[in-house]
Amino acid sequence: MKPFGYVVAPDPAAAVAIVTMRPGAAFLGGGTNLVDLMKLGVVAPDVLVDVTGLLPDRVERQPGGGLRIGAGVRNSDLAADPQVRAEFPVLAQAVLAGASGQLRNMATVGGNLLQRTRCLYFQDVTKPCNKRTPGSGCPARAGDHRNLAVLGGSLHCVATHPSDMAVALAALDAVVHVEGAAGPRVIPLSGLYRLPGDEPDRETTLERGDLITAVEVPARPYARNSAYRKVRDRASYAFGVASVAAALDVAGGVVQDVRLALGAVAPVPWRARVAEQVLAGRPATAEWFGRAADAELAAAAPLRDNAFKVTLARNIVVRMLCVLAGVPAGDTA
Amino acid sequence: MMACVTMANHTSSMMTLRVNGAVHRLRLDHRTTVLDALREHLGLTGTKKGCDHGQCGACTVLVDGRRVNSCLLLAVTAQDAEVTTIEGLAGPGGELHPLQAAFVERDALQCGYCTPGQICSAVAMLGEAAAGWPSAASASLTGPVTLNAAETRERMSGNLCRCGAYVNIVAAILDVAGDGATGSRDEPQRAAR
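Chains W and E are the protein sequences, given in the same order. For what it's worth, this note's numbering labels the leading residue of the first sequence as 1, then goes sequentially. For what it's worth, this note's numbering labels the leading residue of the second sequence as 1, then goes sequentially.
Treat the hints as calculated values from the structure; they're not laboratory data. Hints should not be assumed to be uniformly reliable.
[Unchecked claim] Counterexamples of contact, computed for chain W against chain E with all Cβ distances above 12 Å:
#: 1; residue: 35
#: 2; residue: 36
#: 3; residue: 62
#: 4; residue: 79
#: 5; residue: 105
#: 6; residue: 141
#: 7; residue: 143
#: 8; residue: 190
#: 9; residue: 216
#: 10; residue: 234
#: 11; residue: 251
[Claimed, not checked] Here are the computed lysine-lysine pairs in the DSSO-like style, where the Cα-Cα straight-line distance is at most 27 Å:
#: 12; chain 1: W; residue 1: 2; chain 2: W; residue 2: 39
#: 13; chain 1: W; residue 1: 2; chain 2: E; residue 2: 49
#: 14; chain 1: W; residue 1: 127; chain 2: W; residue 2: 2
#: 15; chain 1: E; residue 1: 49; chain 2: W; residue 2: 39
[What the hints assert, rightly or not] Have a look at the derived ranges for each label pair, beta carbon to beta carbon:
#: 16; chain 1: W; residue 1: 39; chain 2: E; residue 2: 178; range: 32 to 42 Å
#: 17; chain 1: W; residue 1: 256; chain 2: E; residue 2: 9; range: 52 to 62 Å
#: 18; chain 1: E; residue 1: 45; chain 2: W; residue 2: 311; range: 43 to 53 Å
#: 19; chain 1: E; residue 1: 53; chain 2: W; residue 2: 208; range: 23 to 33 Å
#: 20; chain 1: E; residue 1: 21; chain 2: W; residue 2: 11; range: 48 to 58 Å
#: 21; chain 1: W; residue 1: 60; chain 2: E; residue 2: 143; range: 17 to 27 Å
#: 22; chain 1: W; residue 1: 219; chain 2: E; residue 2: 148; range: 33 to 43 Å
#: 23; chain 1: E; residue 1: 144; chain 2: W; residue 2: 221; range: 26 to 36 Å
#: 24; chain 1: W; residue 1: 256; chain 2: E; residue 2: 29; range: 20 to 30 Å
#: 25; chain 1: E; residue 1: 110; chain 2: W; residue 2: 235; range: 17 to 27 Å
#: 26; chain 1: E; residue 1: 101; chain 2: W; residue 2: 273; range: 54 to 64 Å
#: 27; chain 1: W; residue 1: 282; chain 2: E; residue 2: 53; range: 43 to 53 Å
#: 28; chain 1: W; residue 1: 207; chain 2: E; residue 2: 11; range: 48 to 58 Å
Glycine included, every Cβ here is placed at the ideal spot set by N, Cα and C.
Please build the complete structure, drawing on both the sequences and the hints.
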């Protein structure tokens, strides 16, 4: 690991100014991903700006029932928050589905959103990787890609976004508060992430020095009837193979509103808007849930060893929506 | 702010670490993790280095009562926090912590390398359960927590045992949970600021 300076800035604006000015500077949150990547040599900042003491670390109820979650809230505190558990269950479940008790105690909400892919090639500095070293190539398409993207990938990168929490936030229409060199601004979570295209090293729409300060989740009728389902290679403490965050509002057997996002299948938390549109005003049945999932996954472009993720994603979408609708899953799931 | 930028050019700092009730003042390279500070600078080798990447839990210690992977926690960020290691769990007269005694009683280890991390993790885990924190294995997010084998396995999944002593580890933890040995002493606290 390269030696580095360490700074505790007095306030967010000062932290932003330092990272904006110094190309080698990086924000330090819980460090669970950044410190690991520094040990691996994947990143080598020359100064760490510790923001854990600067960022809001409370979950606050907003007028109207939404939540404002400080970017410094530890993952374990978010999952344990009584209001999150009761009113936004998909969010608590997503956080609890990730990492371990120890890591959730350390990891922050802001850092969780900006964690890097666990693609083996990205984490191995002896291998080419367009995300780590632009233009060096991507061995994953011909190599080990069993757990890489089936949606949204490109010839240059098929890495998956590793967060569970971000999938739930995508389904809940969350917005992200950002402090930047030009002051604060708010962007929808769906506008935070970029698909890789021919620039897989540019993962978000953030500029150098931008600091996530909070995440806001609006109150919606469907939020209480929401859930997260994650499939992984072992029962606990593993990154997902496919996951779904779903929120559903049904009245008289008809879908009033639905929110769906997929995890572990794309370079970004994948908001399934095609499926949502198919379901609007349709019967809340396994058959329609299957049609919606199929419509969303029609865009899938699996590689040699990960086509199973398309079927898996379809099945968990149908199963999760059936559970939320209280209807039998039947043969379609 | 200029003072901050000047600091940024130093790669080591004088720092204060509080471990098991003792205060240590030492200069450490910023790259030093709490794990390496404990083992290499403070002579506290009870905390073990397994993977050094936050994947095995052997390095688990308590920071202000909360379990963390000390291999991913930079020592410079842990100042002002109270670190508790396996060496700090026994009582003043040397009497074992109930979890230490239960691990001995249940023979909850073979090689013992993961044991300090398992025990520190379990101490905090019992506090989390007592505080009503749900887990991925909980039937309800809002109901009371009842520790059973499935709950214990899920909550302890951050601690790997390559000998495969899991059956007795779970039994040892449930012995202590069943004794009502959790309480305010192990209540989760907010992370170090």
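Checklist entry - Is the Cβ of residue 251 (chain W) more than 12 Å away from each Cβ in chain E? => result 24 Å, holds
Item to check | Assertion that residue 36 (chain W) lies outside the chain E interface [Cβ separation over 12 Å] | outcome: Violated: least Cβ distance 5 Å, not greater than 12 Å.
Item to check | Status of residue 143 (chain W), Cβ more than 12 Å from any chain E Cβ | outcome: 22 Å, holds
Checklist entry - CB of residue 60 (chain W) to CB of residue 143 (chain E), is that within 17 to 27 Å? => result 25 Å, holds
Checklist entry - Beyond 12 Å from chain E, beta-carbon-wise, is residue 216 (chain W)? => result 21 Å, holds
Next on the checklist: So residue 190 (chain W) supposedly isn't at the interface. Is its beta-carbon more than 12 Å from every beta-carbon in chain E?
Outcome noted: 25 Å, holds
Checklist entry - Under the criterion that the straight-line Cα-Cα distance not exceed 27 Å, is the pair residue 2 (chain W), residue 39 (chain W) satisfied? => result With Cα atoms ~9 Å apart, residue 2 (chain W) and residue 39 (chain W) stay inside 27 Å; holds.
Item to check | C-beta pair residue 144 (chain E), residue 221 (chain W): status relative to the range 26 to 36 Å that was hinted | outcome: 28 Å, holds
Checklist entry - Is it correct that the beta-carbon of residue 141 (chain W) has no partner in chain E closer than or equal to 12 Å? => result 26 Å, holds
Next on the checklist: Against the range 23 to 33 Å, how does the distance between the Cβ atoms of residue 53 (chain E) and residue 208 (chain W) compare: consistent or not?
Outcome noted: At 27 Å between Cβs, range holds.
Item to check | chain E versus residue 35 (chain W) - minimum CB to CB distance exceeding 12 Å, so not interface | outcome: Given a closest Cβ separation of 5 Å, the condition is violated.
Item to check | Outcome of range test on Cβ distance (residue 101 (chain E), residue 273 (chain W); 54 to 64 Å) | outcome: For residue 101 (chain E) and residue 273 (chain W) the Cβ distance comes to about 56 Å; the hint holds.
In terms of the numbered hints stated before, the structure departs from hints 1, 2, 4, 5, 10, 20, 24, 28, listed from lowest to highest.
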